[in-house]
Amino acid sequence: MKVLIDRIKSEGQNLGGGILKVDSIVNHQLDPPLMAGMGAAFAARFGDLPIDRILTAEISGIAPALMTGIELNVPVVYARKRKPITMSGPVFLETAPSHTKGGETLLLVSAEFLHEGENVLIIDDFLATGKTLLALARIVTSAKANLVGVGVVVEKTFEDGRERVQEKYNVPIHALATITSMEGDKITIVGE
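In the working numbering, the protein residues as written are 1 to 192.
For the record, the hints were derived by calculation from the structure and aren't laboratory data. By construction, the Cβ of each residue, glycine as well, lies at the ideal position given by its N, Cα and C atoms. Wrong hints could be hidden among the right ones.
Taking CB as the label site, the calculated pair distances span [said to hold, decoys possible]: (1) SER142 / PRO75: 28 to 34 Å; (2) GLY47 / GLN166: 27 to 33 Å; (3) PRO90 / LYS186: 33 to 39 Å; (4) SER98 / ASP185: 28 to 34 Å; (5) ASN73 / SER181: 22 to 28 Å; (6) ASN146 / GLU11: 26 to 32 Å; (7) SER88 / GLY117: 21 to 27 Å; (8) SER98 / GLY191: 24 to 30 Å; (9) GLU104 / ASP31: 29 to 35 Å; (10) SER88 / LYS9: 31 to 37 Å; (11) GLN166 / SER24: 19 to 25 Å; (12) ASN146 / ILE19: 29 to 35 Å; (13) GLU183 / GLY117: 43 to 49 Å.
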């Protein structure tokens, strides 16, 4: 997605240690037309698949997942990081390491919003090590639903997450922007 790549090139910052700061694009500030374009791009890529629901992780995955949900006309569920008092009944719970915060992050989805036999598309902001996506995929499996694909805004290929996800789940994975290296202060993006 050229407009996204251009924005990463002009606004993204390599903070070292594989951390890409794109707060002006997806992680703090949102550009609604850019988000709408992301939703359209994901819908174009996955629209031929049977999709009943989209799953993402709180918080940065919500906007691109919502835009995709609008395009595909399906509900969007996000895994919460804390259990609110309104979440009662069975819950699917997984943990994933947080690349930017350090430590483990909880991912909780109420069983009332993820059903057996449903076809689920995961949309998230980043694919780095793949551990968050694998945790979301385990939630889909725990619900006895079917994972049909994974879409991410940015993939960092040098962290091998795609291989980890595809080794466990043989589904299509699509990235809107693919970063092949982050050396020094340089960010190398496919298609620049």
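Practice prompt. Any hints from earlier that this structure breaks? Give me their numbers in increasing order, please.
Written response: 1, 2, 3, 4, 5, 6, 10 and 11
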